[in-house]
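Asks: Each chain, written out:
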Amino acid sequence: MATDTRELTAVRATTLTRGFGARIVLDSLDLEIAEGEFVALLGRSGSGKSTLLRALAELDDGVAGSGELAVPVERSVVFQDARLLPWARVLDNVVLGLDGPQARERGREALAEVGLGGRERAWPNELSGGEQQRVALARSLVRRPALLLADEPFGALDALTRIRMQELLLELHARHRPAVLLVTHDVDEAVALADRVIVLDTGRIVVDRPIPRGASDAAAHRKHLLAALGVG
Amino acid sequence: MTEVSIPAPRTREAPAAQRDVRLAPRPPTGRRLRPGPTSARALALGPLLLLVGWTGGSAVGLIDPATLSPPWTVVTTFGELAADGRLQSNLLTSLQRSVAGLVLGVGAGVGLALLAGLTRTGEAIIDGPVQVKRAVPTLALIPLAIIWFGIGEQMKIIVIATSVLIPVYVNTHAALRGVDARYVELAETVGLSRLRFVRQVALPGALPGFFVGLRLAVTVSWTALVVVEQVNATSGIGYLMTQARTYGQTEIIIAGLVVYAVFGLVGDTAVRAIERSALSWRRTLGS
Ligand SMILES: Nc1ncnc2c1ncn2[C@@H]1O[C@H](COP(=O)(O)OP(=O)(O)O)[C@@H](O)[C@H]1O
Ligand SMILES: [Mg+2]
Numbered sequence: 569m570a571t572d573t574r575e576l577t578a579v580r581a582t583t584l585t586r587g588f589g590a591r592i593v594l595d596s597l598d599l600e601i602a603e604g605e606f607v608a609l610l611g612r613s614g615s616g617k618s619t620l621l622r623a624l625a626e627l628d629d630g631v632a633g634s635g636e637l638a639v640p641v642e643r644s645v646v647f648q649d650a651r652l653l654p655w656a657r658v659l660d661n662v663v664l665g666l667d668g669p670q671a672r673e674r675g676r677e678a679l680a681e682v683g684l685g686g687r688e689r690a691w692p693n694e695l696s697g698g699e700q701q702r703v704a705l706a707r708s709l710v711r712r713p714a715l716l717l718a719d720e721p722f723g724a725l726d727a728l729t730r731i732r733m734q735e736l737l738l739e740l741h742a743r744h745r746p747a748v749l750l751v752t753h754d755v756d757e758a759v760a761l762a763d764r765v766i767v768l769d770t771g772r773i774v775v776d777r778p779i780p781r782g783a784s785d786a787a788a789h790r791k792h793l794l795a796a797l798g799v800g
Numbered sequence: 503m504t505e506v507s508i509p510a511p512r513t514r515e516a517p518a519a520q521r522d523v524r525l526a527p528r529p530p531t532g533r534r535l536r537p538g539p540t541s542a543r544a545l546a547l548g549p550l551l552l553l554v555g556w557t558g559g560s561a562v563g564l565i566d567p568a569t570l571s572p573p574w575t576v577v578t579t580f581g582e583l584a585a586d587g588r589l590q591s592n593l594l595t596s597l598q599r600s601v602a603g604l605v606l607g608v609g610a611g612v613g614l615a616l617l618a619g620l621t622r623t624g625e626a627i628i629d630g631p632v633q634v635k636r637a638v639p640t641l642a643l644i645p646l647a648i649i650w651f652g653i654g655e656q657m658k659i660i661v662i663a664t665s666v667l668i669p670v671y672v673n674t675h676a677a678l679r680g681v682d683a684r685y686v687e688l689a690e691t692v693g694l695s696r697l698r699f700v701r702q703v704a705l706p707g708a709l710p711g712f713f714v715g716l717r718l719a720v721t722v723s724w725t726a727l728v729v730v731e732q733v734n735a736t737s738g739i740g741y742l743m744t745q746a747r748t749y750g751q752t753e754i755i756i757a758g759l760v761v762y763a764v765f766g767l768v769g770d771t772a773v774r775a776i777e778r779s780a781l782s783w784r785r786t787l788g789s
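Same order as they appear, the protein sequences are chains B and A.
Each residue of the first sequence is one higher than the last, beginning at 569 in the working numbering.
Each residue of the second sequence is one higher than the last, beginning at 503 in the working numbering.
Treat the hints with caution; some may be incorrect.
[What the hints assert, rightly or not] Pair by pair, the computed Cβ-Cβ distance ranges are: (1) A:Arg696 to B:Ser634: 25 to 31 Å; (2) B:Ser596 to A:Asp682: 30 to 36 Å; (3) B:Gly589 to A:Arg698: 58 to 64 Å.
For the record, the hints were derived by calculation from the structure and aren't laboratory data.
Beta carbons are placed, not taken as given, at the ideal position from N, Cα and C, and that holds for glycine.
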């Protein structure tokens, strides 16, 4: 069906290098993410995952480095903490920084999509951790991002809530098709959600492994990735 | 084509959301670390005890009326002062001075705190002089203020305003500096403009600190008022008290003190009420 084999890229990083003081954290790293592609990023603690994500989010002003980077303008970030402004109601958090009369209507729709319709006027403090993270997802979605960057967004949630959030993220990705870079320390989460899993080690990508949808060899992927992470 | 119809599941119970349940508030159980809710009545307990002690002490002769007039004398003095209109006119003058000074001082304090808290040049230019002003007592400024601004209303309001400015500036500035860097980062990722950042992140984030400053400011406006009215004035509650001192009328001095106390408490209560509704999003020890 597809005649054009070249996929459009959402992210292209070439010889990306970042460091703190004398310590090189990203070492001449190359990375491409196609439009709509769901990429999970694994790596040991301190391997530079957040540094890479912050570079793609252009949140690393003042960090020394070099390399070329092309990222879409429409990108949004989900942090490990939901990072809602405690003094703003849920809907105001979702539409933070948006303009126009439709913004609030779209904000309401996004809240309904993450299952929080009717909670527009709640304070963030009144929500559970999972609900707060869903508001953060709605805040990202409402911006119609071409690239969604998420840094261990479910790391602080309990196991059950995490499973629900993973399903929600898959559903939202299927519907809106942004390119996604999901940082996680959970190999199973990476295999379950992503089209492609990359492993970062000492500033370089040491594994870049496509995970075909519907493939049932999750166990094999898991074993391979765990080995790359130095476990098992 | 055959159509298969699936019978809708029957529900025996009404869904939980539709059941009409009235929940009664439960009494607190167990040991808590938080101090428990404070009521207006509880806050009135301390002042009430003072009043009882004063009345009792005067009634049994423990307190010499020449040192401290009994409460009933103070009450009749209030009556006399109100009857000849001296209370109202002097009170109005005092209130006008303190409110004008408060409004000007709070505005200037917030403005300077914003400049110093959000810009490097502002910090460099503003913070030093404010700290210097902070080290100088209000009373010490009055001779210079009189030379510069005369002995009229202008001087009084300026002295009050510059005194009020300090706590507002110090607390708002500290709160602005303390706004969580993670929120600043969030503002960057959602592309907030500088103006919106100030309005939606910096100001609300600094609001708790601002209210601490405002509460102090209300008290300071009142104390600065006392200073300017007792040093050089021909009207106001402070003037009334200075006059009374000349004639040894302790009951008028006490009446003046009562006015200061009442208005100080009223001012503080008002600010706290505003604070509670403005900061209703907070879930803290005190709420
Ligand atoms: N702001 C910073 N200043 C100094 N060192 C940093 C800073 N941020 C990260 N690092 C260092 O960079 C390395 C990678 O950090 P990070 O990208 O956060 O790792 P990860 O997210 O994979 O756990 C770590 O050794 C960390 O100490
Ligand atoms: Mg990290």
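Asks: If a hint holds in the structure, say so; if it doesn't, say that too.
Replies: Hint by hint, here is what the structure shows:
1. A:Arg696 to B:Ser634: 25 to 31 Å: At 29 Å between Cβs, range holds.
2. B:Ser596 to A:Asp682: 30 to 36 Å: Holds, since serine 596 of chain B and aspartate 682 of chain A (Cβ atoms, about 34 Å apart) stay within the stated range.
3. B:Gly589 to A:Arg698: 58 to 64 Å: violated (35 Å)
Checked against the numbered hints listed earlier, the structure breaks hint 3 alone; every other hint is satisfied.
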